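Numbers 381 to 808, taken from our numbering, label the letters of the sequence shown in order.
These are computed hints drawn from the structure, not numbers from a lab.
The structure presented is a predicted model; accordingly, all values stated were derived computationally and were not measured.
It cannot be assumed that every hint is accurate.
What the hints assert, rightly or not - Here are the simulated DSBU-like cross-link-like pairs (lysine-lysine), alpha carbons at most 35 Å apart as the crow flies:
#, residue 1, residue 2
1, Lys595, Lys473
2, Lys649, Lys678
3, Lys472, Lys687
4, Lys472, Lys649
5, Lys400, Lys473
6, Lys649, Lys595
7, Lys400, Lys678
8, Lys400, Lys595
What the hints assert, rightly or not - Pairwise CB distance ranges, derived in the manner of DEER restraints:
#, residue 1, residue 2, range
9, Lys678, Leu624, 39 to 47 Å
10, Ala496, Glu621, 46 to 54 Å
11, Ala580, Asn710, 46 to 54 Å
12, Trp772, Val500, 17 to 25 Å
13, Val588, Thr803, 19 to 27 Å
14, Pro493, Phe616, 19 to 27 Å
15, Phe616, Thr803, 17 to 25 Å
16, Gly394, Arg776, 53 to 61 Å
17, Gln567, Trp701, 29 to 37 Å
18, Gly560, Gly499, 12 to 20 Å
19, Val683, Ala504, 44 to 52 Å
We treat Cβ as the ideally placed atom computed from N, Cα and C, and that holds for glycine.
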Amino acid sequence: MTTTISQTHDITPGQRARAKRAVIASSVGNALEWFDVIVYASFAVVISKLFFPSSDGFTGLLLVFGTFALSYLIRPLGAMVLGNYGDTAGRKKALTLTILLMTVGTGIMAFAPTAASIGVWAGAVILVSRLLQGFSAGGEFGTSTAFLVEHAPDQKAFYTSWQVATQGAAMFLASAFGFGLNTFLSQGSLESWGWRVPFAFGMLIGPVGLYIRMKVDETPAFVEAEPVSSPLLTTFTHHLERVLSAAAIVGLASISVYLIVYMPTFAVKDLHLPAYAGYLGGIISGLVTLVGAPYVGKLADRVGCIKVMSFAAVGAIVLGWPLFKILVANPTVLSLTVVEVILGILMAVYFGPLPALLAQMFPTNIRSTGMSVAYNIGVTVFGGFAPLILTWLIVRTGSPLAPSFYYIAVAVVSLIGLTVARTRQGQR
Numbered sequence: 381m382t383t384t385i386s387q388t389h390d391i392t393p394g395q396r397a398r399a400k401r402a403v404i405a406s407s408v409g410n411a412l413e414w415f416d417v418i419v420y421a422s423f424a425v426v427i428s429k430l431f432f433p434s435s436d437g438f439t440g441l442l443l444v445f446g447t448f449a450l451s452y453l454i455r456p457l458g459a460m461v462l463g464n465y466g467d468t469a470g471r472k473k474a475l476t477l478t479i480l481l482m483t484v485g486t487g488i489m490a491f492a493p494t495a496a497s498i499g500v501w502a503g504a505v506i507l508v509s510r511l512l513q514g515f516s517a518g519g520e521f522g523t524s525t526a527f528l529v530e531h532a533p534d535q536k537a538f539y540t541s542w543q544v545a546t547q548g549a550a551m552f553l554a555s556a557f558g559f560g561l562n563t564f565l566s567q568g569s570l571e572s573w574g575w576r577v578p579f580a581f582g583m584l585i586g587p588v589g590l591y592i593r594m595k596v597d598e599t600p601a602f603v604e605a606e607p608v609s610s611p612l613l614t615t616f617t618h619h620l621e622r623v624l625s626a627a628a629i630v631g632l633a634s635i636s637v638y639l640i641v642y643m644p645t646f647a648v649k650d651l652h653l654p655a656y657a658g659y660l661g662g663i664i665s666g667l668v669t670l671v672g673a674p675y676v677g678k679l680a681d682r683v684g685c686i687k688v689m690s691f692a693a694v695g696a697i698v699l700g701w702p703l704f705k706i707l708v709a710n711p712t713v714l715s716l717t718v719v720e721v722i723l724g725i726l727m728a729v730y731f732g733p734l735p736a737l738l739a740q741m742f743p744t745n746i747r748s749t750g751m752s753v754a755y756n757i758g759v760t761v762f763g764g765f766a767p768l769i770l771t772w773l774i775v776r777t778g779s780p781l782a783p784s785f786y787y788i789a790v791a792v793v794s795l796i797g798l799t800v801a802r803t804r805q806g807q808r
């Protein structure tokens, strides 16, 4: 069975205005989610020292990324609960709840006491913050994408690509904070209060997003759809193959983000570059994604999502190892920045059409659940554990090239997922 999203040819000004409001309402929460995630990973070295102090440094870093990974284990649960809620109570109510939970989680992180104040309990506070963030993020992407695509009168890939563009904005802002704080603050100031600044900024985004989401209308497609008694049960009993192939497709998008996010840690620990080095590429990659994703979305509307994404997946497989080989052989700020920018371009080309493709794979009455579950399985398996896996691989193998092997492996899995979606599920 092929699930399609109908295209409207006679677009009224009112439909276009609602679509633009939907872009803003859905994107602000998505930006907050990714901003918080990227800031946490970007300041991993500082957070490990303050909340998980250890004599060798790597143990604390593994604990930071372990906590990061544990927060992803709860994302599928959030996807099932909040995705199901989005398909029963409505997209608007679910989106209001997710951004409220997100803001609380970010606030806990901003004001968390360190190990110097409360000892080992500091790590527990961080874990609570990450788990709350993970649960709320579990329902954010699927529900916000369903909300956005159902408001879009045409050009589905273009409108939904703004989900990805705002992730680029989040990457840009988080990297800019990392660069600015590491450049202009002393190490003592950075560790005492500087690292909290971006989390406090993220917490302030929440109320704005909450207000915007409370003012938007429910999607006409949801109102008109024939409801099912249990969207979650229907998703697993009738659409399991689509969930698994969609999760595989998400893999490369997820690892692309987290590989760039991991670069500041990689730059300091393995390339022995200045602390600010990894943030320059993140700033540029964020801008590339912010500007480029909508253009990629327009291209996907013309030639098809899978064709565009397959091209990027092949590019990742071909370029993954050479990029890291060049970087390790020439560990400079310039080479690191160039590698991150190339990774950012591949990410924008692959990630831009992804929301539209996932939305097309599931019918309206289970769309929020199907996308949330599939997306978060993919993000958890391939992305959430990525910083932990990459750190462990480098320590275990002693080779700084190890991240490229993981990146290539995930790209192969995603290419297989795209092939299954095209050949077995009739996706364009």
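Structure-based check of each hint:
Between lysine 595 and lysine 473 the CA atoms are separated by roughly 11 Å; this keeps the pair inside 35 Å, and the hint holds. For the given pair, lysine 649 sits about 40 Å from lysine 678 by alpha-carbon distance, which is inconsistent with the 35 Å threshold. With a C-alpha separation of about 32 Å, the suggested pairing of lysine 472 with lysine 687 holds against the 35 Å cut-off. The hinted pair formed by lysine 472 and lysine 649 fails the criterion: a straight-line CA distance of about 43 Å is larger than 35 Å.
Straight-line distance between C-alpha atoms of lysine 400 and lysine 473 comes to about 19 Å, which keeps the hinted pair within the 35 Å bound. Restraint check: the Cα-Cα separation between lysine 649 and lysine 595 comes to about 46 Å, which exceeds 35 Å; the hinted pair is violated. Only pairs whose Cα atoms come within 35 Å are accepted, and lysine 400 paired with lysine 678 is accepted, the gap being roughly 16 Å. About 13 Å separates the Cα atoms of lysine 400 and lysine 595, which keeps this hinted pair within 35 Å; it holds.
Checked against the hint of 39 to 47 Å, the pair lysine 678 and leucine 624 fails, with Cβ atoms roughly 29 Å apart. Separated by about 51 Å at the C-beta atoms, alanine 496 and glutamate 621 satisfy the suggested range of 46 to 54 Å. Between alanine 580 and asparagine 710 the C-beta distance comes to about 37 Å, which lies outside the given range of 46 to 54 Å. Tryptophan 772 and valine 500 have their C-beta atoms about 22 Å apart, which keeps the hinted 17 to 25 Å range intact.
One distance hint, 19 to 27 Å for the beta-carbon pair valine 588 and threonine 803, is violated here, with the actual separation near 44 Å. Between proline 493 and phenylalanine 616 the CB atoms are about 41 Å apart, so this pair departs from the stated range of 19 to 27 Å. Remark: the range hint 17 to 25 Å for phenylalanine 616 to threonine 803 is upheld by a beta-carbon distance near 23 Å. The given range of 53 to 61 Å is respected by glycine 394 and arginine 776, whose C-beta atoms sit roughly 58 Å from each other.
At roughly 35 Å, the beta-carbon separation of glutamine 567 and tryptophan 701 lies within the given 29 to 37 Å, and the hint holds. Take glycine 560 and glycine 499: their Cβ atoms lie about 31 Å apart, and the range 12 to 20 Å is violated. Taking 44 to 52 Å as the suggested C-beta distance range, the pair valine 683 and alanine 504 conforms, at roughly 50 Å.
Hint compliance for this structure: hints 2, 4, 6, 9, 11, 13, 14 and 18 are broken, all remaining hints hold.
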